[in-house]
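Chains A and B are the protein sequences, given in the same order.
When we follow this note's numbering, the leftmost residue of the first sequence carries the number 777, and every step to the right adds one.
When we follow this note's numbering, the leftmost residue of the second sequence carries the number 9, and every step to the right adds one.
None of these hints come from the bench; they were simulated from the model.
Which bits of chain B does chain A cover? Going by a derived footprint, with three or more residues having C-beta under 8 Å, they are: (1) 11-22; (2) 101-112.
Listed next, the in silico DSBU-like pairs over lysine-lysine satisfying Cα-Cα at most 35 Å (straight line): (3) B:K267 - A:K1038; (4) A:K1038 - B:K270; (5) A:K1086 - A:K904.
Sample of chain A residues facing chain B (criterion: CB under 7 Å; computed from the structure): (6) Q1022; (7) D1033; (8) T1046; (9) I1047.
On a predicted model such as this, the values are computed, not experimentally measured, just so you know.
Virtual Cβ for every residue (Gly too), placed ideally from N, Cα, C.
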Amino acid sequence: MAIRWGSYKVKGIHDELIRVSGRPRPAARALCDYLRALKDKDIEEYKAAAESAIHVMGITFTVYSEEEGSIDRAWPFDIIPRIIDRSEWQQVEAGLKQRVQALNLFIDDLYHKQQIVKDKVFPEELLKDSKNFRPQCVGVDPPHGVWAHICGSDLVRDSDGTIYVLEDNLRVPSGVSYMLENRQIMKRVFPELFENYNILPVDDYPSQLYDMLASLAPRAIEQPEIVVLTPGIYNSAYFEHAYLAQQMGAELVEGSDLVVDKNDMVYMRTIEGLSQVDVIYRRIDDMFLDPEAFDPDSMLGVAGLMRAWKAGNVALANAPGAGVADDKVVYSYVPEIIRYYLDEEPLIDNVPTYRCFKKAERDHVIQNIAKLVVKPANESGGYGMLIGPQATQEERDKFVNLIRRDPRNYIAQPLLTLSTAPTLVGNRVEPRHLDLRPFILSGEKTYVTTGGLTRVALRKGSTVVNSSQGGGSKDTWIVDMESGQ
Amino acid sequence: MMLSRVANNIYWAARYIERAENTARLINVNSHLLLDLPKRIRLGWEPIIEILGNDKLFYQRHDSTDERQVIRFIVSEQANPGSIINSLRQARENARTIRDIIPREAWEQINQNYLYAREHASSSLGRRKREDLLRSIILGAQSVTGMLAGTMTHDEGYDFLRMGRNLERADMTTRIVDVRSASLLPEMSEDLSPFENIQWVSVLKSLTAYQMYRREMRIRVRRPDVLRFLLQERRFPRAFYHATCEVENCLQHLPHNDKPLKILTRLQKKVLGAKLEKLQQDELHGFVDVLQLDLARLHNEISASYF
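All chains, please: the whole structure from these sequences, using the hints.
The following block contains the structure:
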């Protein structure tokens, strides 16, 4: 007997599958029984089957090195799924829709009247200092008033079981292809589990993405030309760019494939000549989008793209400037933003956040730095942050200085004890911390993925789930317990 | 609708794969010539460097044309953009950007070809191991070609692939013929004439053309017939004329093809109209130059029309 739930300890943490009593949660019962019956040999076989599926399906992320060019690394995957009951998920889904709707109203307001600033709900000085506010976007009216068409919000669960939003990624969130591929792997490896469980499908995402993008097309034609704009093969998410393009039947293009003419129309260069483009799902950052409007040295973008976008001749998803709301200080205002625009109470909580630009909160952070997590407002991928309880005195002092020098750029949050789920370590199960990144699509309609990408910190005790820093992933099952198993 | 960049990358991936294969064949033909000729005839490796068109670079970096240095230069030298290893690497880099267009197995084979050559090239410069290495390189390239023929949709992308392969092949076939014309033997003196045929046998063999020549021509190996077979034969896949017909066929599937087709038709007339038996060594060398220039012109026109 390889997996013994009796020796799986979850004291003081919320485990996604196992209760403190050591018994599985209702939605996980059948899975835990199934796993318990496995022998060492079976586990080896399943792991090998998953690995071979990953290899055969070519699921990789790219690491670039000078010497070798780019190297594709296989995606680290744990075969034990994370399970969420459908009734709980429906609340989360409603909360995410509410949140993204409010964020889009907020962005649209910032580039127009800035009513929220005039009403003193959002401080003017924050807007002035924002690194992601793009003056070039002021006055632009994107279709449906939507700026953040694709949002990836990171959710975590604390030890008392509460789900919080940790951050909203509104620039070029990635990971959705792994969510889709993880399900494919699981279907290959555990077909019999899918027969016994009522697991909601995730495969609809590429069609939803296509429909959302098509709803942005400026030309009223049957089949608008939709392209995915990638920085190229050396980008770490190139696999995903190619994958989504393929799944949608869209063209995968690089900046040099596109050209903007003097009538501000966008075309792609094909063997038959120039062909007009309607919608660009761009996977490159604002600053590299258009050397005319932003970084003049950018080799990745397309000269004149902003002209074409402002003229309404092409749709960009996400819209340039949407990143203004993707900032950890702005994040701390999301509850206020929801109340202001929607006149509703937030359905999902924010993690309590101290804003260092406010003196009282800054003093609190500096005094309690050993208990807090300090994050820069604009970094992603887990870079440049301080985990107070695990840091040395020297590191804490360094951050105190950083905060004093540039308070606008830092926020602090209590260290949550992220929930765990059983994860294979050798042939045994141990708890590992995880989060969840669902994706929210906004166009004519709003759509939330069924579940999302569960990222798991594979190192014992670690809470850093990023693939660049030792993270892996699990399939995420939204299970319908009511309509029977 | 096919992106120009994608078409361009497919075309070059195919050219580089074919170039690696034919460079290996070129080394083979010279190696075999060396073995066949009487010891008193000193046949070196200089002509090979010239035929590959990178003699200038070679002499900047090397002071002697001994076999080892030349082989290293052609097979594995990083600084030589035309070395086999660099061709395989370029093929791989081009193929990497079109992984969504070509079947996975083909990409894996292209990747494998490069990795294999990188691992074995520098330790395989001696004659015996070299044979194995070159055979593997040729086989690797043939595997890719076969996989693509058997598993890739024969759409425009495949047309660009075939055009790249066949243009490169036509070009390299003329170069391999040129080895025989440019090098060696001060116009055949009587006592050397028995060797004349042996040499043409090795040219044929290096193109895997010997058997097919025998079946097709049903005569002993003679210079004019070999030239006819390698340059003018419609049905032999490595013959110059055959390769141009393949390109013609691809162009016919593609939009606005009138300009490249015009150049191609002229080129085909030129090769079919040539009186090969009358061409002595110098003239043959000159004729090969003309064909190569026309191929370059054709490439430029394809490039201007589609990329």
